[in-house]
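Asks: Residue strings, one per chain:
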Amino acid sequence: MAVLDHVDQTLDCQGLLCPIPVVKTNKKIKEMAIGQTLLMLATDPGSMPDMTAWAKQTGQELVGSEQQGKLFKFYIRKAK
Amino acid sequence: MATTVETGTQLDSTLQRQIQDAVERYVDQRLSEEEEKRRTKTKKLAIISTKGTLDWAYPPLILASTAAAMGWDTGIFFTFYGLNIIHKKKSKKLKIAPLANPAAPMPVPNFVGAIPGMTAMGSGMMRMMFKRHGVASIQDLIDISVESGVKMFPCAMTMDVFGYKPTDFIEGAQPVCGATHFLDYASDADISLFI
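Taken in sequence, the protein lines are chains G and U.
Numbering-wise (the numbering used here), the first sequence opens with residue 6 and increments by one.
Numbering-wise (the numbering used here), the second sequence opens with residue 51 and increments by one.
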């Protein structure tokens with residue numbers, strides 16, 4: 006998936022396990038403005054399917070994601 | 051699809067087609083309305099939490115806080131030993147017994163768990179292991195759940211039997227209630243879990 010060069014905010018969830026990365030992401034996105042992009046960093050091994058499901062359920066847009074070893078990067082655009 | 055009226059008279063074919071089109075349009079519209087309703091309805095998760103050990107306290111709180119983070123309407127009915135999870139004092143001291151628990155990751159024979167103090171030690175080890183791996187504590191998960199709007203229903207009957215008072219429960223808990231109130235809440239849930 007495409008990786009963005011511009012992000013408005015970054016949230017570091019490295020070292021945290023389920024459900025904290027999703028809870029923190031949800032909280033952060035609520036504070037942001039529509040159209041802004043959040044970069045979330047996680048090492049939770051289940052975060053790829055979890056973040057995809059969270060985006061689907063909340064209607065937020067997961068515009069990109071990538072994996073570098075144990076590190077996952079998620080680019081989320083606040084859609085609503 | 052040929053349409054005939056009871057009298058046996060054949061309907062005029064143009065009229066027949068018009069009726070068919072109108073019916074199809076109506077059905078399509080109703081179906082898409084229903085689909086839209088289903089798609090946009092806030093989902094609901096109803097959990098019954100019945101166990102009061104450290105290991106059993108995690109699943110209801112993890113599932114509830116996750117559901118709330120997805121914008122779902124979420125409620126947990128704490129009953130029997132599960133009530134200890136939202137008891138202000140007892141929730142801080144939840145334990146897991148290594149004795150007769152073959153799943154406990156203990157490097158010693160299981161009967162060692164019978165020695166006094168082993169339950170406290172096993173519980174401490176589990177807390178430490180969870181913390182080291184980055185799992186939230188029960189207290190954190192309770193706070194997150196309440197903050198994100200999870201409804202924590204304390205079971206009135208269990209409260210009475212165990213000799214607890216409504217003031218013994220965490221801030222943010224719902225008023226104590228019975229099975230009837232919870233079932234009413236859960237009656238239109240999309241997912242119901244008994245833990």
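The set of hints was computed from the structure by calculation and includes no laboratory data.
Keep in mind the model is a prediction, meaning the values are calculated, not measured.
Note that the Cβ used here is the ideal one computed from N, Cα and C, for glycine as well.
Treat the hints with care, since some could be wrong.
[What the hints assert, rightly or not] The calculated label-pair distances, taken between Cβ atoms and stated as ranges, are:
1. G/Val12 <-> U/Thr90: 25 to 31 Å
2. U/Leu149 <-> G/Thr15: 43 to 49 Å
3. U/Arg88 <-> G/Asp17: 50 to 56 Å
Asks: Hint by hint, note whether the structure agrees.
Replies: Hint check:
1. Between valine 12 of chain G and threonine 90 of chain U the C-beta distance comes to about 29 Å, which sits within the given range of 25 to 31 Å.
2. Hint check: leucine 149 of chain U to threonine 15 of chain G, Cβ distance near 46 Å, so the stated range 43 to 49 Å holds.
3. The given range of 50 to 56 Å is broken by arginine 88 of chain U and aspartate 17 of chain G, whose C-beta atoms sit roughly 37 Å from each other.
Of the numbered hints stated above, the single one contradicted by the structure is hint 3.
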